[in-house]
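Student: Each chain is listed here by its residues.
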Amino acid sequence: MSVPRTAALALGDDALILSQRLGEWAGHAPVLEEEVALANIALDLLGQARALLSMVGDEDELAYLREEREFTNVQLVERPNGDFAHTIARQLYFSTWQELLYGRLATGEGALAELAAKAVKEVAYHRDHAEQWTLRLGDGTELSHERMRTALAALWRYTGELFQPVEGLEVDWEELREEWTRRITDVVERAGLSLPEGPQGTSWAAGAGRQGIHTEPFGRMLAEMQHLHRSHPGASW
Amino acid sequence: MVTARTSTTEPTGPEEELLRIAGSVPDPELPVLTLSDLGILRGLHIVGPGRVEVELTPTYTGCPAVEAMATDVERALREHGVAEVTVRTVLSPPWTTDAISAEGRRKLAEFGIAPPRTGTAGSGDGGPVAVDLAIRCPHCGSTDTALLSRFSSTACKALRRCASCQEPFDHFKELT
Numbered sequence: 012m013s014v015p016r017t018a019a020l021a022l023g024d025d026a027l028i029l030s031q032r033l034g035e036w037a038g039h040a041p042v043l044e045e046e047v048a049l050a051n052i053a054l055d056l057l058g059q060a061r062a063l064l065s066m067v068g069d070e071d072e073l074a075y076l077r078e079e080r081e082f083t084n085v086q087l088v089e090r091p092n093g094d095f096a097h098t099i100a101r102q103l104y105f106s107t108w109q110e111l112l113y114g115r116l117a118t119g120e121g122a123l124a125e126l127a128a129k130a131v132k133e134v135a136y137h138r139d140h141a142e143q144w145t146l147r148l149g150d151g152t153e154l155s156h157e158r159m160r161t162a163l164a165a166l167w168r169y170t171g172e173l174f175q176p177v178e179g180l181e182v183d184w185e186e187l188r189e190e191w192t193r194r195i196t197d198v199v200e201r202a203g204l205s206l207p208e209g210p211q212g213t214s215w216a217a218g219a220g221r222q223g224i225h226t227e228p229f230g231r232m233l234a235e236m237q238h239l240h241r242s243h244p245g246a247s248w
Numbered sequence: 004m005v006t007a008r009t010s011t012t013e014p015t016g017p018e019e020e021l022l023r024i025a026g027s028v029p030d031p032e033l034p035v036l037t038l039s040d041l042g043i044l045r046g047l048h049i050v051g052p053g054r055v056e057v058e059l060t061p062t063y064t065g066c067p068a069v070e071a072m073a074t075d076v077e078r079a080l081r082e083h084g085v086a087e088v089t090v091r092t093v094l095s096p097p098w099t100t101d102a103i104s105a106e107g108r109r110k111l112a113e114f115g116i117a118p119p120r121t122g123t124a125g126s127g128d129g130g131p132v133a134v135d136l137a138i139r140c141p142h143c144g145s146t147d148t149a150l151l152s153r154f155s156s157t158a159c160k161a162l163r164r165c166a167s168c169q170e171p172f173d174h175f176k177e178l179t
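So the protein lines, in turn, are chains F and V.
Sequential numbering of the first sequence, starting at 12, is according to our numbering.
Sequential numbering of the second sequence, starting at 4, is according to our numbering.
Pulled out of the complex, with its shape left as it was, chain F reads as follows:
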């Protein structure tokens, strides 16, 4: 069974770009345990990205030699790390979605299903990590509560794109959205917060990453990610 190219690229780009963003925390995380946790999550995502991109081409060419408009990751994953609460909010939204999606894909057949079955176990740890921190920050001090609330609200409008159908993936996206919303609501309410209000990508068009339209910070992130490979083609360790 052949791998749907659009889907492998979309999911591969999501994993690659979020991995790169999380890697930026190295040397900057608030405590050593988080330094290690975020690097571990980044590594899992990088492994997933490598497997997904290799299904449809040369992983290095795809990661390092494509232009901004050729990347089809959702805009959520390219958003800058912000403060720690922003990173946790991004992790909560994304890993909850990824776990639900991969769980559904894992029941299918072919290389994509096999990767999903493998990765869903790792993603469950990522989601658990994000949940624990959301609870801790939301139910923490006044300051941590406010930071978590702000972060959840700031990234909310990027979450609608997660439910845009991806060509080649047989998923009931509306059912996925309902389950995701149920889970996020449960976590934020346990954290003493509430689900942000406002458009989830409907009125203001946040979220055209799947069509290759990206937010302003993405270009700079790509420049950092790609410059070594482009400056020294074929270099290896």
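Worth flagging that the hints you see were computed from the coordinates, not collected in a lab.
From a predicted model like this one, the values you see are computed outputs, not experimental measurements.
Think of the CB as a built atom: it goes at the ideal place given N, C-alpha and C, for glycine as much as any other residue.
Be a bit skeptical, because a hint or two may be false.
Unchecked claim - Ranges of calculated distance between the beta carbons of each label pair, as one might list FRET restraints: (1) F:Ala-37 - V:His-83: 37 to 43 Å; (2) V:Ala-149 - F:Thr-152: 18 to 24 Å; (3) F:Ile-224 - V:His-83: 52 to 58 Å; (4) V:Gly-144 - F:Glu-178: 53 to 59 Å; (5) V:Cys-143 - F:Trp-248: 37 to 43 Å; (6) F:Tyr-75 - V:Pro-17: 41 to 47 Å; (7) F:Gly-203 - V:Ala-105: 41 to 47 Å; (8) V:Glu-106 - F:Asp-183: 43 to 49 Å.
We have chain F already, so just place chain V on it with the hints.
Tutor: Using the frame of chain F, we list chain V on its own:
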């Protein structure tokens, strides 16, 4: 190269011998364990004169040790006269910590890493398992231990601390 399913044909006599050699290669990050203790060697096939194909499965998708393992397996088999070794990475069925042998668990504990608990597949959908089953401190044997972080020095471990002897220790976390 990442490919589909592990093939299921029974190994022949010479294949079993080579499998034993490949299986005795130590894990590059946890050298007390062999690849066979970890249960990540999925198969070995003699595909022609002096040509062997080996199937490895990663513990975690992004485990950077896989490439080193492949190189080490190639070297070990070459030293035993195999001219051409191809190592393939297979993902299915996904590796779980239940694939670690009893001997592997014993070696982990002896090395100061709390082994993963067995039969924790409770929820059936994988991922983090409840931490209410006691995890024993590999230093003093106390079961009074607490989770410090779900992530530690490698993808497969979590960081814990013993309340009895105060020592921090790694726990090979369950993947079911």
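Student: Taking the earlier hints as the rules, which of them does this structure contradict?
Tutor: none
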